[in-house]
Amino acid sequence: MTRSDFEHIAAQLRPLMLRVALDFFGATDEAEDVTQEAQLALWRYCERIDSERNVEGLAVRVTKNCCISWHRRHHSLPTVTDSSPSVTASALSPSPHELLEAKDAQTLLAEALARLEPRERQLFEMRQLQGLTLDEIAAQTGIQKSSVKSMISTARKKLLTELKHRLRL
Amino acid sequence: MNTQEIQSLIDRFLAAESTPEEERRLALALHEAAAATGDDLPADWQAALLMLGELTLGEALYDDTLARRNPAPLAQSLSAQSVRLATESQKSRSLRLWRWAAAVALVFATGLGVALHQSRTPQPMVASVSLTGETSESHQWDKRVSPVRQDSATIRISDVDPSHEQTRMVASARANRRKRRTVRPETMLPPTEMPSSPQEERAEEPLLATAEAGQQPENVQYQSLTYTDDPYAALEAEMRDIRSRGERVEAMIAKLTGPIE
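Quick mapping for you: the protein sequence lines, in order, are chains A and B.
Residue numbering for the first sequence follows my numbering, beginning at 1 and increasing consecutively.
Residue numbering for the second sequence follows my numbering, beginning at 1 and increasing consecutively.
Please keep in mind that the hints were generated in silico from the structure rather than gathered at the bench.
A few of these clues could be false.
[As the list claims (entries may be wrong)] Derived pair list, reagent style EDC-like, types lysine to aspartate or glutamate, alpha-carbon separation capped at 20 Å: (1) A:Lys-149 with A:Asp-104; (2) A:Lys-145 with B:Glu-32; (3) A:Lys-157 with B:Asp-11; (4) A:Lys-164 with A:Asp-135; (5) A:Lys-164 with A:Asp-104; (6) A:Lys-103 with B:Glu-32; (7) A:Lys-157 with B:Glu-32; (8) A:Lys-103 with A:Glu-32; (9) A:Lys-158 with A:Glu-117; (10) A:Lys-149 with A:Asp-135; (11) A:Lys-145 with A:Glu-125; (12) A:Lys-158 with B:Glu-250; (13) A:Lys-157 with B:Glu-54; (14) A:Lys-158 with A:Glu-120; (15) A:Lys-149 with B:Glu-32; (16) A:Lys-149 with A:Glu-125; (17) A:Lys-149 with B:Glu-21; (18) A:Lys-164 with B:Asp-11; (19) A:Lys-149 with A:Glu-117; (20) A:Lys-158 with B:Glu-17; (21) A:Lys-145 with A:Glu-117; (22) A:Lys-103 with B:Glu-54; (23) A:Lys-103 with A:Glu-125; (24) A:Lys-164 with B:Asp-40; (25) A:Lys-157 with B:Glu-22; (26) A:Lys-164 with A:Glu-120; (27) A:Lys-164 with A:Glu-117; (28) A:Lys-157 with B:Glu-17; (29) A:Lys-157 with A:Glu-120; (30) A:Lys-145 with A:Asp-135; (31) A:Lys-158 with B:Asp-44; (32) A:Lys-145 with A:Glu-120; (33) A:Lys-145 with A:Glu-111; (34) A:Lys-164 with B:Glu-21; (35) A:Lys-158 with A:Glu-111; (36) A:Lys-149 with B:Glu-17; (37) A:Lys-149 with B:Glu-22; (38) A:Lys-103 with A:Asp-29; (39) A:Lys-164 with B:Glu-54.
On a predicted model such as this, the values are computed, not experimentally measured, just so you know.
Turn these sequences into a full structure, and let the hints guide you.
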């Protein structure tokens, strides 16, 4: 999908993305800002999207991530009413050290992905980044579902081995 | 989520058998484990967390945050669902009871209807008086009185109180219209006098209304009049008849509902 294509559907995606943000923040101002940020992130990423058919699912995922990122930046504590141990301040508010580690992790993943076969990499990204199901990937690529499953499994196992090796270094 | 569950989900993830929902749960569990253990997280788990990616983790955190922020809707939903199921079960029981009650009521209503229908059969006629002629101030009627039972008294039309005569004529005319529909031999008219169409029957209505208003109807043909000498005796006879028919109905019901031999 080109950026021009995305600009055509951006207006259609906006209400959906705003709804996701409003569910999280409740306030219109923050939701508007997060929606704008999510649309910008999608615009940057859109050239890696294979089809317009599942762009809504990706838009929802990106908006949810932007909500969490916005919350981490602007709130020191989560807004949950209970102090459950599973969701602590550190879970939502990463330290600079954690941010650096995350950046390193992304670099590690990008390097490991580069070592996959092009087809394996494409299917892995369709599953992990775009959030498509096996059926949707099979429909979009014309590959049998069992083959898609096998190739994604192979890609994940290769990535696991590569990442474990790099993490030990 | 304990260690075994996490490892099981990682195995499913590597085999590409996990669902998106399971992957979000796995990402959240690995993230919490990493936050709890620091650098001591196994390499497999760290690699799995990297492969799941930021998008999956962010989505899982979003869903988890919303779920913890608003636990009430889920609880209310479950509560409403349980209440709805209980209500539906109660409604089902009530419906079954109502069906049984309706069936029993239908049986009784049918029996009662049969009994009433049989009790409304015409009582024994004492005398049949046929009048044909035009009304006039001199009350000249073509009278024909025919006794139908030997022990019954024959009533002459002249014995009838003139003040009640008109009302009785009207009543008799109404009764005759009903009898014509049920076809009784005693009151059947010759074919030429029978109303041939519903229009003719409707034509009688203004005449009856005129008679009820106290005026003298003109060109009215009265087919028969029925009188009894003692209304109490007739009522007793009717009651005996009803009782005997009721006993027959009860016997019939007992026969029908009795044990099958």
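Tested hints:
no.: 1; hint: A:Lys-149 with A:Asp-104; in the structure: 29 Å, violated
no.: 2; hint: A:Lys-145 with B:Glu-32; in the structure: 33 Å, violated
no.: 3; hint: A:Lys-157 with B:Asp-11; in the structure: 10 Å, holds
no.: 4; hint: A:Lys-164 with A:Asp-135; in the structure: 30 Å, violated
no.: 5; hint: A:Lys-164 with A:Asp-104; in the structure: 14 Å, holds
no.: 6; hint: A:Lys-103 with B:Glu-32; in the structure: 19 Å, holds
no.: 7; hint: A:Lys-157 with B:Glu-32; in the structure: 23 Å, violated
no.: 8; hint: A:Lys-103 with A:Glu-32; in the structure: 27 Å, violated
no.: 9; hint: A:Lys-158 with A:Glu-117; in the structure: 10 Å, holds
no.: 10; hint: A:Lys-149 with A:Asp-135; in the structure: 10 Å, holds
no.: 11; hint: A:Lys-145 with A:Glu-125; in the structure: 16 Å, holds
no.: 12; hint: A:Lys-158 with B:Glu-250; in the structure: 89 Å, violated
no.: 13; hint: A:Lys-157 with B:Glu-54; in the structure: 19 Å, holds
no.: 14; hint: A:Lys-158 with A:Glu-120; in the structure: 10 Å, holds
no.: 15; hint: A:Lys-149 with B:Glu-32; in the structure: 28 Å, violated
no.: 16; hint: A:Lys-149 with A:Glu-125; in the structure: 13 Å, holds
no.: 17; hint: A:Lys-149 with B:Glu-21; in the structure: 17 Å, holds
no.: 18; hint: A:Lys-164 with B:Asp-11; in the structure: 15 Å, holds
no.: 19; hint: A:Lys-149 with A:Glu-117; in the structure: 15 Å, holds
no.: 20; hint: A:Lys-158 with B:Glu-17; in the structure: 16 Å, holds
no.: 21; hint: A:Lys-145 with A:Glu-117; in the structure: 18 Å, holds
no.: 22; hint: A:Lys-103 with B:Glu-54; in the structure: 11 Å, holds
no.: 23; hint: A:Lys-103 with A:Glu-125; in the structure: 18 Å, holds
no.: 24; hint: A:Lys-164 with B:Asp-40; in the structure: 14 Å, holds
no.: 25; hint: A:Lys-157 with B:Glu-22; in the structure: 18 Å, holds
no.: 26; hint: A:Lys-164 with A:Glu-120; in the structure: 19 Å, holds
no.: 27; hint: A:Lys-164 with A:Glu-117; in the structure: 19 Å, holds
no.: 28; hint: A:Lys-157 with B:Glu-17; in the structure: 13 Å, holds
no.: 29; hint: A:Lys-157 with A:Glu-120; in the structure: 11 Å, holds
no.: 30; hint: A:Lys-145 with A:Asp-135; in the structure: 6 Å, holds
no.: 31; hint: A:Lys-158 with B:Asp-44; in the structure: 12 Å, holds
no.: 32; hint: A:Lys-145 with A:Glu-120; in the structure: 14 Å, holds
no.: 33; hint: A:Lys-145 with A:Glu-111; in the structure: 27 Å, violated
no.: 34; hint: A:Lys-164 with B:Glu-21; in the structure: 25 Å, violated
no.: 35; hint: A:Lys-158 with A:Glu-111; in the structure: 12 Å, holds
no.: 36; hint: A:Lys-149 with B:Glu-17; in the structure: 8 Å, holds
no.: 37; hint: A:Lys-149 with B:Glu-22; in the structure: 16 Å, holds
no.: 38; hint: A:Lys-103 with A:Asp-29; in the structure: 29 Å, violated
no.: 39; hint: A:Lys-164 with B:Glu-54; in the structure: 18 Å, holds
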